[in-house]
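Protein chains: 2
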Amino acid sequence: MMSHYPSSILNLIKNLSKLPGIGEKTAERLTMHLLRMPRKDVEQLSQSMLELKAQIRLCSICFGLSDKDICNICSDGRRDESVICVVEQPGDMVSIEKSGSFKGRYHILQGALSPMDGIGPDNLRIRELITRIEKGKIKEVVLATGTNVEGEATASYLAQRLENYSIQLTRIATGVPIGGDLKYIDQVTLKKAMETRQPV
Amino acid sequence: MMSHYPSSILNLIKNLSKLPGIGEKTAERLTMHLLRMPRKDVEQLSQSMLELKAQIRLCSICFGLSDKDICNICSDGRRDESVICVVEQPGDMVSIEKSGSFKGRYHILQGALSPMDGIGPDNLRIRELITRIEKGKIKEVVLATGTNVEGEATASYLAQRLENYSIQLTRIATGVPIGGDLKYIDQVTLKKAMETRQPV
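Protein chains in written order, with my numbering: chain E, 911 to 1110; chain S, 911 to 1110.
A couple of the hints might just be wrong.
The list cannot tell twin chains apart, which means a pair is met if one copy fits it or any two copies do.
What the hints assert, rightly or not - Derived DSS-like pairs: lysine-lysine, alpha-carbon spacing no greater than 30 Å straight-line:
| hint | residue 1 | residue 2 |
| --- | --- | --- |
| 1 | K1008 | K978 |
| 2 | K1013 | K924 |
| 3 | K1013 | K1102 |
| 4 | K1102 | K978 |
| 5 | K1008 | K963 |
| 6 | K1101 | K924 |
| 7 | K1093 | K978 |
| 8 | K935 | K1008 |
| 9 | K935 | K963 |
| 10 | K924 | K950 |
| 11 | K950 | K1047 |
| 12 | K1008 | K1101 |
| 13 | K1049 | K1102 |
| 14 | K963 | K928 |
| 15 | K963 | K1013 |
| 16 | K950 | K1008 |
| 17 | K978 | K1045 |
| 18 | K1049 | K950 |
| 19 | K1045 | K1008 |
Since the hints were made in silico from the structure, they are not lab data.
A quick note: this is a predicted structure, and the numbers were derived from the prediction, not measured.
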């Protein structure tokens, strides 16, 4: 019940409330802040939302976010095109890039297998991954989907689909996170870390 | 360090991060959500921000938020125009309206006295309040500024400025909030509630 505001305020509160993690109270606070902001800054914010929708598309090779037909990474000749890291979402690719640990190319599936949500192999960019592999330049595919149920299922499925290609298939390591206190690590992770222990 | 995104994504993340309570991580999450939203919904959100800035002004009588020269409350003949409730901000007025406890008119000061922040009487809409009182129809002024230091100082200052007008001056009651557990109420509030105890 916010009907004590003029309609253009109610309208913005309603639209902001639709965003994830923004309830009616936060939307009201943001609206009051926007009212106090210089008009130029609000126009800039509004414009940058429209530009986002107008300019961002999926790279036609890796399906990562890009403002060009082929993204910066796929068109970067210095990156190793014989290694493909397969991730679920564009954000996963950004996390790996931030870690600076990978110098190959990516393939973004746009999700993980989840029969419960009706997401099967045909809903992901798996056929396109196989097409890339069939072109013959790929030597290694790193499966970097999540370590939850859906991510593991997707990795298993891909491992099966790709077993007949002469490529090396690898999976990112699971274990105790760096800086982790064993007291606070869940038992499944700890069991897995123990089972896959490495010689020092 | 988010430079792994295309520039229109970085741009929106930067602009969203300027909003209160939205850090870089939240801005990134919101941007990813906007990317997945239908273009029509993003346009609607963007448009409602621009409309807010274009349409909302301060009511020329009470200085509340309005999309007309005179706001809905000031132009509502059913509201008692002999009582004015003085608040600091438009949001305070909305809170009182939601409580349904007041049927008079409002006056929004646009802040509270705060010498530390350089806000003196001339920065608030105090002269306009006095002009309204001098027109002679006002019988009661309810001081509903905050109960913090600035709000109390503002109420005291107004009480002093208005003492020579033949109006009744009142102040909203302070005390233990309804539903409050005495264990968790701060001592200043409790002391005040004890001192101003009422006969049952």
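Evaluation of the provided hints:
1. Taking identical chains as interchangeable, the C-alpha atoms of K1008 and K978 lie at most 30 Å apart only when both belong to the same chain, with a minimum of 21 Å there against 50 Å between chains.
2. When the C-alpha separation of K1013 and K924 is checked against a cutoff of 30 Å, the pair qualifies only between copies, where the shortest distance is 27 Å, while the shortest distance within a copy is 44 Å.
3. Proximity of K1013 and K1102 under a CA criterion of 30 Å is satisfied intra-copy only: 27 Å inside one chain copy versus 66 Å between copies.
4. For the identical chains of this complex, K1102 and K978 are neighbours neither inside a copy (41 Å) nor across copies (65 Å), given an alpha-carbon limit of 30 Å.
5. When the C-alpha separation of K1008 and K963 is checked against a cutoff of 30 Å, the pair qualifies only within one copy, where the shortest distance is 24 Å, while the shortest distance between copies is 37 Å.
6. In this homomeric assembly, K1101 and K924 never come within 30 Å of each other (Cα to Cα): the closest approach is 47 Å inside a single copy and 41 Å across copies.
7. For the homomeric pair K1093 and K978, neither the shortest alpha-carbon distance inside one copy (47 Å) nor that between copies (61 Å) is at most 30 Å.
8. With identical chains, the CA atoms of K935 and K1008 are at most 30 Å apart between copies only, with a shortest distance of 14 Å across copies and 34 Å within one.
9. In the homo-oligomer, the alpha carbons of K935 and K963 lie at most 30 Å apart both inside one protomer (27 Å) and across protomers (20 Å), since each shortest distance falls under that limit.
10. For a Cα distance limit of 30 Å, the shortest separation of K924 from K950 qualifies both inside one copy, at 23 Å, and across copies, at 15 Å.
11. For the identical chains of this complex, K950 and K1047 are neighbours neither inside a copy (50 Å) nor across copies (41 Å), given an alpha-carbon limit of 30 Å.
12. In this homomeric assembly, K1008 and K1101 come within 30 Å of each other (Cα to Cα) only inside a single copy, at 28 Å, whereas the closest approach across copies is 54 Å.
13. Proximity of K1049 and K1102 under a CA criterion of 30 Å is satisfied intra-copy only: 28 Å inside one chain copy versus 76 Å between copies.
14. Taking the shortest alpha-carbon separations for K963 and K928, both the intra-copy value of 17 Å and the inter-copy value of 20 Å come in at or below 30 Å.
15. With identical chains, the CA atoms of K963 and K1013 are at most 30 Å apart within one copy only, with a shortest distance of 29 Å there and 46 Å across copies.
16. For a Cα distance limit of 30 Å, the shortest separation of K950 from K1008 qualifies neither inside one copy, at 32 Å, nor across copies, at 32 Å.
17. With identical chains, the CA atoms of K978 and K1045 are at most 30 Å apart within one copy only, with a shortest distance of 23 Å there and 65 Å across copies.
18. In this assembly of identical chains, K1049 and K950 lie within 30 Å of each other by CA distance neither inside one copy nor across copies; the values are 51 Å within and 43 Å between.
19. For the identical chains of this complex, K1045 and K1008 are intra-copy neighbours only, at 29 Å inside a copy versus 66 Å across copies, given an alpha-carbon limit of 30 Å.
Hints 4, 6, 7, 11, 16, 18, counting from the list given before, are not met by this structure.
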